[in-house]
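Asker: Sequence:
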Amino acid sequence: MSMEVDLRMLESVHAPQSLHKRRRISVDEVDAFLSCQVSRKVETSFPTLRRSDYYTKPCLSELAIEEFTNPGYSGRVLDFTVGRVGYGWVKFVGETDIRCLDLDSIIKFNSCEVIVYEDESSKPVVGQGLNKKAEVTLVLRLKPLDYFTKGRLRKIVGILKHKTASQGAQFLSFDPLNGEWKFLVQHFSRFGLSEDEEDIVMNDVSPEARVPTELNDIEDSDADEVTGLEDPTLLSHSLPAHLGLDPIRMKEMRMLLFPAEEVDEDGFSGMHSRDSPPLMKEPSMNPLHHSSSKTERKMSPHLVRKTPLALIEYNPGSFSSKCQGSMLMAQQNKGLHLKASTSEGFKQDLKLLKTPLAGGHSHNVVDAALFMGRSFRVGWGPNGVLVHSGMPVGSATAQCVLSSVINLQKVAIDNVIRDESNKVKKELIDLCFDSPLNLHKELNHEIKRVDLGTFDLKLQKLVCNRVTLPEVCRSYIEIIEKQLEVSSVPPLSRVLFMHQVMVWELVKVLFSSRKMSAEFKSLEADDEEDMVPDGRQKYPEVDPEALPVMRRAEFSYWLQESVCHRVQEDISSLDESSDLEHIFLLLTGRQLDAAVELAASRGDVRLSCLLSQAGGSPATRSDVAHQLDIWRKNGMDFNFFEENRVRLLELLAGNIHGALHGVKIDWRRFLGLLMWYQFPPDISLPVVFNTYQKLLNDGNAPYPVPIYVDEGPIEEAGNWEIGEHFDLAYYLMLLHARQEDDFGALKTMFSAFASTNDPLDYHMIWHHRAVLEAIGTFSLNDLHVLDMGFVSQLLCVGQCHWAIYVVLHMTHREDYPYLQTTVIREILFQYCEVWSTQDSQCRFIENLGVPSSWLHEALAIYFSYNGDLTKALHHFIESSHWQKAHSIFLTSVVHSLFLSAKHSEIWRLATTMEDHKSEIEDWDLGAGIFISFYVLRSSLQEDSNTITELGTLENKNDECTDFIERLYKCLAVSGSKLSLDASNIQTANRLSLHLRVVYSKMAEEVCSFLLSDSGEGSAGEVQLSCFNTVFTAPIPENVRSYHLQDAVSLFTSCLSEMAQ
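Quick note: to get our numbering, add 8 to the position in the sequence shown (first position is 1).
Calculated from the structure, these hints are not laboratory results. Bear in mind the structure is a predicted one, so any value in this text is a computation, not a measurement. A portion of the hints provided could be inaccurate.
Said to hold, decoys possible - Here are the simulated DSS-like cross-link-like pairs (lysine-lysine), alpha carbons at most 25 Å apart as the crow flies: (1) 158 x 65; (2) 469 x 449; (3) 449 x 431; (4) 910 x 925.
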């Protein structure tokens, strides 16, 4: 959030309406311009402070008001204060000159320290700037007051007094209630606690974390003895423990082999301090040393071998761009109670991580995989998340990175929906994405079915005509105006939103048409009332020959509105004696009435008469130009003329470059001067645009810089290079001028940089492209970068259904026929957890014509990954992936169902897949065996619902024999398949055991029914044959022994009968 002051707030009483509202120039506004006394030079002299957690007293807005009422106030501010929330503040005693100070680079608050003028080369002498007497307050975060004894409090105060005196400062007070440590300094470099002292004195001041060693834990024992102790819970989480070794013994061996490494050069023992990023901490040093020595120590720290610890915790870091989230392979909580539980893997909630990725080329991240090869792999995840184990190259704060630190960074794709405090606004999500896309969806569309073999897609294309274009533009403008009403919108975003309003107005002016006399004819101008919101009216018939002039008049009005605020800004910096310059600035915005009245009020009647004819008949221009030529030929000494009067005469004569000699104006006003004062009033717009482009190519016209460079923050202007990107409004003018010719700048025109400083923000430029293409201004099938950029942005905010909607609007290409298919399936698979949990998104996707099998396949993969194999089986069946469904059914589902006696569910699943058994490998030895079992069991039960009647016992025995032989084949096949499909041998053995139990239960039940039928009336030989079948079945041994007794009894009976 920028804290720079916009001095236009002082003229809010008289200032005109914002750009997104239509304005009219009146005498009252001219009086407002004359009454504004604030100089632009004064505005630039204020100090700058852009960091959101820093503040000043008085604040910069109050400074602006005081400067307005009391000129020179910023050069003598009394008791000027700069602070950082949660860290402390500095009050500079007496009067201080704060003009043109860059507070971001001068003052830095860190944990327990404040640094003023870290760069010694830029430090002024004592008594000047901020290198002067000041009262410093640092906030130390301690435990509750009741935790401390009087002895401990005295010890803390003693430490702070000693530290204050050793740095040449004067101790003032220490308040244990709020932790405020106050002291007085005579000059500045760095004051506070060194890093090893921080570990002794206090908690970390960052609200996200706390240092492991606090002053609260200090006893009367020596601090070195405290830090030398080793927590046993750390060893229980160490690498030796995971390898089955004794961690204490391994530590003793390391101490014997590497005694020098036992000295902790980082100021902490075996643990990362959380008040800094979890990298190597710089060695402690005297806080009053030169800052350059600190940098040298940072660039080459001493490496200390650490005992590898288990990955058990994630530290999200702070929300600043300099501190990235990290997962630490270290135990950071002493005394943590350990529980033995089955690990399910590491899970990270990325909603907590809001760190944007640094964008400079000199801060590229080094991937640890470049150094560690296949042993470590990182990369990009969904929603712009980058996982790496490296450090920014070229960063001034770069440090050696431990291999135990994994960094997570996230690209800020959603900047457009964040407020000044960098928090996501739900209102902006709706207004930036949902509302415009709903409007787009409500418009007429042309559906094109693309047959891609087994499925077809309904590709869509927007249909719009130039007659209805004004209403479409008006609807988009209403949405953007609602965005401007959202509170806490950043200043730059507000500038971009207002520019979008003007772009839609320009689209309406340049490309709309009007229906007259039952025919469609070109619209040359909506009358002025059409520019007013909700001003809809029927237009009278117009002579077609007058249409170009009317369009030119409409564009002229748009141009006046777009430059009005720039004219007012320039006028506000003038004093009362600059009447002629004031008039000239009014002419650059074509505010002729105000210019004429101002000249007349100053008694310059002749000039007011000339101004009243400005931009009118070419004869007037010729007369003024002829008079200037006569003066020059006669040797007139123009030094006796006022410079601004000559400038006005040159402008009235149509000599634009002569009038602008030594004056810089923006490109829109230059274009307006060209159209208003150089060309005749009946000239067409294409001639004006082409002339401006020619002057631009020759270097005789200002560049049409993007709006964020022209009116945005200074840092945005510094990153722009001439000729790199132009403003979207300029591209629209060129597109209008070349409607019948090939326009080769479309890719540049529809890049994000044409309308915003964010290279990843396509939320409105996509709608511009869609509408312009629908009305026939151009036709191009090579703008997929724009489409995919918008898709990524929608996915980042969880709008998966709208992302698929955008994909279906991508132009179909014969050379890439499966482009839309691939992208849609990737969205469904990667973001399944998002769209599947919202019924509205699911219905929306189905209504778009996306095959339902794709949704079920994505859900099947998702549930399979998360271990819910029952739901995965259901969705694999719904998506017609029969082989995969059969595999999950056999290996993961059927055994639990069978052992739970859910036979009807097994029958339903198996019979569903039976219709597609030709597509399933080894069907008869898989799910088919269960169908055979239920059919055979039904027959053996001989009830009324028998499916197949087997008849004699011999036939039943034959059927059971065949079934048992199939069971053995199933066991062999399933065992080999499980060993290939399972992730490890233990899993394969477990699943194989489950199937053996199921097959054993099946065999036992079949054998039981078979033997129950082999009673009286059956021949002994047939009965013995049944027992032989039973003994070959895979049944439990106790059951086999039981049947063996019956078989022996039957055999004995048979022998007795034979003996008789």
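Asker: All the hints need checking, so say for each whether the structure fits it.
Answerer: Here is how each hint holds up against the structure:
no. : hint      : in the structure
1   : 158 x 65  : violated, 35 Å
2   : 469 x 449 : holds, 10 Å
3   : 449 x 431 : violated, 29 Å
4   : 910 x 925 : holds, 22 Å
Of the numbered hints listed earlier, those contradicted by the structure are 1 and 3.
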